[in-house]
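There are 2 protein chains.
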Amino acid sequence: MSKGITKRSEDYSQWYIDVVLKAELADYSPVKGCMVIRPNGYGIWERIQRNLDQMFKETGHVNAYFPMFIPESFMKKEAEHVEGFAPECAVVTHGGGKKLEEPLFIRPTSETIIWSTYKNWINSYRDLPILINQWANVCRWEMRTRLFLRTTEFLWQEGHTAHATFEDAEEEAFKMIQVYRRFAEEYMAMPVHVGKKTESEKFAGALHTYCIEAMMQDGKALQAGTSHHLGENFAKAFDVKFQDSDKELKYVYATSWGVSTRLVGGMIMTHSDDKGLVTPPRLAPLPVVIVPIYRNEEERSLVVNKAREITQEWDPLFFKIDDRDQYKPGFKFNEWELKGIPVRLEIGPRDVQQNAVVAVRRDTGEKKTLPVDGLLECMKQLLDDIQRNLYETARKRMDDATYTVDSYDEYKQRIEKGGFFRVFLDHRNPEVENILQHDTKSTIRCIPFDAPEEHGPCMITGKPCSYRVIAAQSY
Amino acid sequence: MSKGITKRSEDYSQWYIDVVLKAELADYSPVKGCMVIRPNGYGIWERIQRNLDQMFKETGHVNAYFPMFIPESFMKKEAEHVEGFAPECAVVTHGGGKKLEEPLFIRPTSETIIWSTYKNWINSYRDLPILINQWANVCRWEMRTRLFLRTTEFLWQEGHTAHATFEDAEEEAFKMIQVYRRFAEEYMAMPVHVGKKTESEKFAGALHTYCIEAMMQDGKALQAGTSHHLGENFAKAFDVKFQDSDKELKYVYATSWGVSTRLVGGMIMTHSDDKGLVTPPRLAPLPVVIVPIYRNEEERSLVVNKAREITQEWDPLFFKIDDRDQYKPGFKFNEWELKGIPVRLEIGPRDVQQNAVVAVRRDTGEKKTLPVDGLLECMKQLLDDIQRNLYETARKRMDDATYTVDSYDEYKQRIEKGGFFRVFLDHRNPEVENILQHDTKSTIRCIPFDAPEEHGPCMITGKPCSYRVIAAQSY
Chain A
12 MSKGITKRSE DYSQWYIDVV LKAELADYSP VKGCMVIRPN GYGIWERIQR
62 NLDQMFKETG HVNAYFPMFI PESFMKKEAE HVEGFAPECA VVTHGGGKKL
112 EEPLFIRPTS ETIIWSTYKN WINSYRDLPI LINQWANVCR WEMRTRLFLR
162 TTEFLWQEGH TAHATFEDAE EEAFKMIQVY RRFAEEYMAM PVHVGKKTES
212 EKFAGALHTY CIEAMMQDGK ALQAGTSHHL GENFAKAFDV KFQDSDKELK
262 YVYATSWGVS TRLVGGMIMT HSDDKGLVTP PRLAPLPVVI VPIYRNEEER
312 SLVVNKAREI TQEWDPLFFK IDDRDQYKPG FKFNEWELKG IPVRLEIGPR
362 DVQQNAVVAV RRDTGEKKTL PVDGLLECMK QLLDDIQRNL YETARKRMDD
412 ATYTVDSYDE YKQRIEKGGF FRVFLDHRNP EVENILQHDT KSTIRCIPFD
462 APEEHGPCMI TGKPCSYRVI AAQSY
Chain B
12 MSKGITKRSE DYSQWYIDVV LKAELADYSP VKGCMVIRPN GYGIWERIQR
62 NLDQMFKETG HVNAYFPMFI PESFMKKEAE HVEGFAPECA VVTHGGGKKL
112 EEPLFIRPTS ETIIWSTYKN WINSYRDLPI LINQWANVCR WEMRTRLFLR
162 TTEFLWQEGH TAHATFEDAE EEAFKMIQVY RRFAEEYMAM PVHVGKKTES
212 EKFAGALHTY CIEAMMQDGK ALQAGTSHHL GENFAKAFDV KFQDSDKELK
262 YVYATSWGVS TRLVGGMIMT HSDDKGLVTP PRLAPLPVVI VPIYRNEEER
312 SLVVNKAREI TQEWDPLFFK IDDRDQYKPG FKFNEWELKG IPVRLEIGPR
362 DVQQNAVVAV RRDTGEKKTL PVDGLLECMK QLLDDIQRNL YETARKRMDD
412 ATYTVDSYDE YKQRIEKGGF FRVFLDHRNP EVENILQHDT KSTIRCIPFD
462 APEEHGPCMI TGKPCSYRVI AAQSY
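Protein chains in written order, with the numbering used here: chain A, 12 to 486; chain B, 12 to 486.
Watch out, some of these pointers could steer you wrong.
Since the list gives no way to pick one copy over another, a pair counts as held whenever it fits inside one copy or between any two copies.
Lysine-lysine pairs mimicking DSS-like chemistry, simulated, CA-CA at most 27 Å apart [stated by the list, open to error]:
#1 K286 <-> K258
#2 K110 <-> K88
#3 K43 <-> K109
#4 K186 <-> K331
#5 K109 <-> K87
#6 K110 <-> K43
#7 K343 <-> K428
#8 K231 <-> K88
#9 K43 <-> K428
#10 K43 <-> K331
#11 K87 <-> K110
#12 K68 <-> K343
#13 K213 <-> K87
#14 K258 <-> K343
#15 K428 <-> K207
#16 K88 <-> K252
Keep in mind the hints are simulated off the structure, nothing from the lab. Because the structure is a prediction, the values reported are computed rather than measured.
All chains should be modelled from the sequences, with the hints used to inform the complete structure.
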């Protein structure tokens, strides 16, 4: 039955847009490049927020909020940073009916406003570390936008920490990329490669950037989270020093790390299918929908009452009974499949007689008759199964499409069809990345943490390398 | 012992600023009129968010997110609305290095961007009601700002609902002001008057506005939440019609309602004292702090271990053991009083012997020795007691300072000292409010829902009135 969704095999990009729009996850907005996040999409973002927030708190972080406006002069204090971000900023020039003395940038990221504030909070080593996170909107003027994946305004969290030593900052940056990896795998059921960005791909103003890279179903990479060791760069730009226990004045070390509403796009492109959205149960705003099946008023009353009776003690946020009279069951099945509800329960008159229900999994479509006794427990197990299956399926897909290739000719031939390529590339030579990009529209996604020592010639320059990097086309 | 906090009796305004800064709730920012919400303040806002969000969901609402940018042309579509808000907007004129074709306003409130979107979502009566809430930052250019109470950028929630009939919208607007009342009373321990705003004080674009008005310790009113019945005004401005069950095309009715980080200011000014912040336990990020008391290493080990043993099973977010060696207990007592922790537990060597602790309430300063057995249960009761006491104290203060006055001369004399005044005023005559404002810097805060029928002459014009309104000076 058609839901007006383009098939993935026909046009993957159009399929993605169809899923986002028809599952009512987001909508275009009258403001160029911005999107409206609809309740179905925002419900997923809320679960991302809630679970990540708990992981941040368990690792000692607290939340705060800094102004969205950044004076132009602040942006200019860190040379690499301004070069990287100023061109994509939105600029406020008027406020309260008057021209401002100094234009205000809308934050594209908050290092500058935050470090100008940390200067007032840090005097002694006793004031360190500062472990702050912020949930906020940010704005980066984008030419080509795509719902969730790249929008002019987006929602994100940005951690900004301050440390006494290089080692402490390094530990933090590393710890947080591992938090992201764990979140991606355990909550989003989205396997990732974890590693370091090359010099040309790192954050503007960082010493180095760690990242998680996920593989979408078309074999393209999605950068899903980054964690930056900023060294003393922002402390120097904003003159933030502390008196150490040895009485010496030293610059403060910094990290920053973030994930955004882009994760919702990553989730969609990892799991969804030609019927519509597939949601990992741990991020599903509505895990279970119950569709009563009846042909007349008498049957309606029988099955709807049974559904109410069964769910009497269930958390109302866990399920919904779809007892709309104006739609037939087939229509409802379609709608809830499209919207990615992990489990559908069907109850007809015969099920009532047998004190059973039929459970249908969204991920596999498998149907199973389940006794009403112990149903809630059964549902929870089923949801766990679905979560596990989604992860394993995605893991297998990524592993199967991660290739080891040694010849640049072979690479150029195969890269078009997608996939991650474990290759020797001299990533310290920026020219290598330029050639790669120019020839193949692909980039080095990361230098994986778990890359074993392995020796071979850079497939472009022939220079000896001692490990392989991961290269791919990306979103 | 001085904590550098001005006494309320000396300078109430300065006292407020001292509490906000010294308790590290917020800080000034380098951007004029904006503030930094520090972790101690943001923790309170998080609890406000979490509890209100749950109340919104229990009343059928879902969250979504709309762009922060509003095209200039949208702002102009509702005549009253643009007149009320456009002058206080921040305006983005440049993006991505180029001048924009149409300037973008940063949302001062989101009716226009939301109703331009609802137009695409509403066709039939089956699409109604829409019950959406948004947590967001907004911007209103303010000349005179005050931390939390009035800042250029602030955080808030804004509900925007769409209904088929006037009655449905009216029910929603009324329901939500009651949700705010309940939240203020039960969570913030802040009693309020509930009522309707006069014509001149209503929201720009509303048919009418309901409000909750709290009394601060200086007797001034704080508008703490508003709920607007917008009628068909925004549907007409954005041409949003639906086909009703009778097949007729009709305009959609709207409400909007919001509270903001201003509530944190209201909480501070309702409960805090000359020692610093007082936090109602239900909003306290940290309900209990434990201060071990020792004179040497041996005692330290004894009491700190005991503290750890006692709290082994406690939720780590419920308490903190302050075992910093560099500070004396007296210093710590002061610090936690200043920061408004509801209960302090002291444990010294003698307490360990007696298997007891000393609990000190932040609200009354009362000390009590409590047995270690059943301590957690005891703590929870104590926190409930504190919550109740804070509410009752504030309630009594408000009731005691709510006066019934009939003569304008008496009003003019007494208004300077603060308080709410139940008075006859012909609020339908805008000139009356102008005179009141001019003579006394006070305004009609609300026409209370519970005002009994009562007849008397307007204290300014003498015109017969049939109920009393509440007038006061306000923040």
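Problem - K286 and K258: within-copy, between-copy, both or neither at 27 Å Cα - result: For K286 and K258, neither the intra-copy (65 Å) nor the inter-copy (33 Å) Cα distance is at most 27 Å.
Exercise for the section: At 27 Å max between alpha carbons, let me know whether K258 reaches K343 within a copy, between copies, both or neither. Expected result: between (70 Å within a copy, 25 Å between copies)
Exercise for the section: Check K110 against K43 for me: Cα-Cα at most 27 Å, and say if that holds within a copy, between copies, both or neither. Expected result: both (24 Å within a copy, 14 Å between copies)
Problem - Intra- versus inter-copy proximity for K252 and K88 (alpha-carbon distance at most 27 Å) - result: Answer is within: at 16 Å inside a copy they meet the 27 Å cutoff, but 51 Å across does not.
Practice task
Go through the copies and call it for K68 and K343: within, between, both or neither, with a Cα cutoff of 27 Å.
Solution key: This pair counts as between: shortest inter-copy Cα distance 24 Å, intra-copy 40 Å.
Exercise for the section: Pop the pair K428 and K207 into one bin, within, between, both or neither, using alpha-carbon distances up to 27 Å. Expected result: For K428 and K207, the Cα distance is within 27 Å only inside one copy (25 Å; across copies 64 Å).
Exercise for the section: Tell me, please, which holds for K43 and K331 at an alpha-carbon limit of 27 Å: within, between, both or neither? Expected result: Classified as neither: same-chain Cα gap 36 Å, cross-chain 48 Å, threshold 27 Å.
Practice task
If the cutoff is 27 Å on CA atoms, where do K109 and K87 land: within, between, both or neither? Let me know, please.
Solution key: both (24 Å within a copy, 18 Å between copies)
Handout entry: Intra- versus inter-copy proximity for K428 and K43 (alpha-carbon distance at most 27 Å)
Key = neither (31 Å within a copy, 52 Å between copies)
Exercise for the section: Tell me, please, which holds for K110 and K88 at an alpha-carbon limit of 27 Å: within, between, both or neither? Expected result: Both. Shortest intra-copy (23 Å) and inter-copy (24 Å) distances satisfy the 27 Å Cα cut-off.
Problem - Up to 27 Å CA-CA - K88 versus K231, copy category - result: neither (36 Å within a copy, 44 Å between copies)
Exercise for the section: At 27 Å max between alpha carbons, let me know whether K87 reaches K110 within a copy, between copies, both or neither. Expected result: Classified as both: same-chain Cα gap 21 Å, cross-chain 20 Å, threshold 27 Å.
Hints 1, 7, 8, 9 and 10 from the list above are not met by this structure, while the remaining hints are.
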